[in-house]
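Asks: Below, each chain spelled out in residue letters.
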Amino acid sequence: MRRALSVVIGLVVMVALWEGYKAVGNPDGTVLFGTRVLPRADDLSMPHVWDMLSRFGRPELTGGRPVWQAVLSATLFTLGITALGFVAGAVVGLVLAIAMQRFRIVERGLLPYVILSQTVPLVALAPLIAGWSGNLSFGAYPWQDWMTVAVISAYLSFFPVAVGMLRGLQSPHVSGVELMRSYAAGWWRTLVKLRLPASLPYLFPALRLAGAAAVVGAVVGEISTGTRGGIGRLILEYSREATSDPAKVYTAMVGAALLGLVVAGLVSLLELPLMRHRRRVTVVTM
Amino acid sequence: MTAVSVQAVSQIFNQGHTDEVTALSDVDLTVAPGEFVSLIGPSGCGKSTLLRLIADLITPTSGTVEVNGKPAEKARLDQEYGIAFQQAGLFEWRTVQRNVELPLELRGQSRAERRSRTAEMLELVGLTDFARHYPAQLSGGMQQRVAIARALAVHPPLLLMDEPFGALDEMTRERLQTELLAICAKTGTSTIFVTHSISEAVFLSNRVVVMSPRPGRITATADIDLPSPRDEAVRQSPAFFDAVTTVRKALRAAA
Chain A
1 MRRALSVVIG LVVMVALWEG YKAVGNPDGT VLFGTRVLPR ADDLSMPHVW
51 DMLSRFGRPE LTGGRPVWQA VLSATLFTLG ITALGFVAGA VVGLVLAIAM
101 QRFRIVERGL LPYVILSQTV PLVALAPLIA GWSGNLSFGA YPWQDWMTVA
151 VISAYLSFFP VAVGMLRGLQ SPHVSGVELM RSYAAGWWRT LVKLRLPASL
201 PYLFPALRLA GAAAVVGAVV GEISTGTRGG IGRLILEYSR EATSDPAKVY
251 TAMVGAALLG LVVAGLVSLL ELPLMRHRRR VTVVTM
Chain B
1 MTAVSVQAVS QIFNQGHTDE VTALSDVDLT VAPGEFVSLI GPSGCGKSTL
51 LRLIADLITP TSGTVEVNGK PAEKARLDQE YGIAFQQAGL FEWRTVQRNV
101 ELPLELRGQS RAERRSRTAE MLELVGLTDF ARHYPAQLSG GMQQRVAIAR
151 ALAVHPPLLL MDEPFGALDE MTRERLQTEL LAICAKTGTS TIFVTHSISE
201 AVFLSNRVVV MSPRPGRITA TADIDLPSPR DEAVRQSPAF FDAVTTVRKA
251 LRAAA
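Protein chains in written order, with the numbering used here: chain A, 1 to 286; chain B, 1 to 255.
A couple of the hints might just be wrong.
[Unchecked claim] FRET-style restraints, in silico, Cβ to Cβ:
1) E123(B) / V7(A): 53 to 59 angstroms
2) I105(A) / F241(B): 23 to 29 angstroms
3) H17(B) / V262(A): 32 to 38 angstroms
4) D169(B) / S171(A): 38 to 44 angstroms
5) R111(B) / A124(A): 27 to 33 angstroms
6) I9(A) / A182(B): 27 to 33 angstroms
7) R111(B) / R104(A): 26 to 32 angstroms
8) S171(A) / A253(B): 40 to 46 angstroms
9) I105(A) / E73(B): 21 to 27 angstroms
10) R102(A) / S228(B): 44 to 50 angstroms
[As the list claims (entries may be wrong)] Derived lysine to aspartate or glutamate pairs resembling EDC-like cross-links, with alpha carbons at most 16 angstroms apart:
11) K186(B) / E123(B)
12) K22(A) / D42(A)
13) K186(B) / E105(B)
14) K22(A) / D43(A)
15) K193(A) / E123(B)
16) K193(A) / E120(B)
Calculated directly from the structure, the hints in this document are not laboratory data. Since this is a predicted model, take the numbers as computed values, not measurements. Backbone N, C-alpha and C fix where the C-beta goes; we use that ideal spot for every residue, glycine too.
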């Protein structure tokens, strides 16, 4: 209840800030020494919130389906790709982290490349992966555009999981590790009983980051590969009409934001049952 | 048969490197079944190292360690001992019950067996009502009691303790000492107990082993002849203070 209220308050504050700036800001923006320090506040750059909302109800093009339908279906399309990329990325990250924890030499050899992988610009990577489309197939199924997008999404999301999870797997105190050794537990049972549970507080923040990265990867991936049907494509299409129909592109952005919220929400749902012990903290003293 | 037999054990860390440290030099120690032995000495005298050697958490550079007549590694694999550290080291994601169950779980015992054994152990340390609490909800003394219950859960013939009460306040410490003695008497467990505190060593032990640093070695052993059960009256008795003085002198002489 209280959470729902804070969400509503947050939304109201955001709308108030947007409309407040529109009301007092210079329509041509504020320019200081030849640099624009504050954005334009005219209707073309910052349409009214109610214009954006009402734009959802009107058709995409004359006689077409309403915008909310287009945004919703695009968001769902991208959600599917994001989920796939996120899960694949999380699994890869997890496996890498476990391998790095197990073998010191793997950590030393691999970690620099894991970090390096994230400095490769996405726009350079996308065409490379898209280039597989002609050469790769799964049996009868040829490589699809959406697979490229999912790979990019996974590529961005494995990183926080690998780094966060490695940290988590290494987090148990030495006495815990010695305890497991005293129980004659080998590496595997130490992993299952000690390292994995101990890594959960590190895993969930990492998964949140990975979720956000997966969304960004999917949206940018769609744009740079020209994949049709998703929210990235919709943002691109709608932004072409920004001069004639400025509210329209914002509807697509709301869709992308919604996508991020859904992914973050899913991670939180996963976290709830696994982190029960963190919620009850009243200390009994006697 | 002896509970623990350490013969001519030396431990050198980083051998051959510039930071080579001789932690233990030619140490002999035997512990009889049911005996309570304390290791005492200043920091760096190797008492924790000796405990870890007996637990087979590290392997000695030379010499032999036997527990219950078996080589240390075999004894560890057979879970011939339970161990407790200064930090209770409970798994924060497990309830008290499930923490105590952990060693039983790793032994592959059935759920019913685990339940009854855990109930017995929690009864022993007086925490039956807290079985479903999480460690973070318990005070330091209670956490340490859970750690003792966990160490004893498999009914090991030997209990190894590394300054288990070191982080507790004096009152809790003295209460847990009395409880520990009662538990050891009840279960017939042999115990090796590492401590900094002279009075703690004297109160608990049948024998106090005094160690000195650089290199770590045993310089004296003092048999403590106090009546049992050891209670508050013992703590106040002249014999207790005499024993404390004896150990203190031995420590001074060693330093």
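Asks: So, against the hints stated earlier in the document, which numbers end up violated here?
Replies: Per hint list: 1, 2, 3, 4, 5, 6, 7, 13, 15 and 16 violated.
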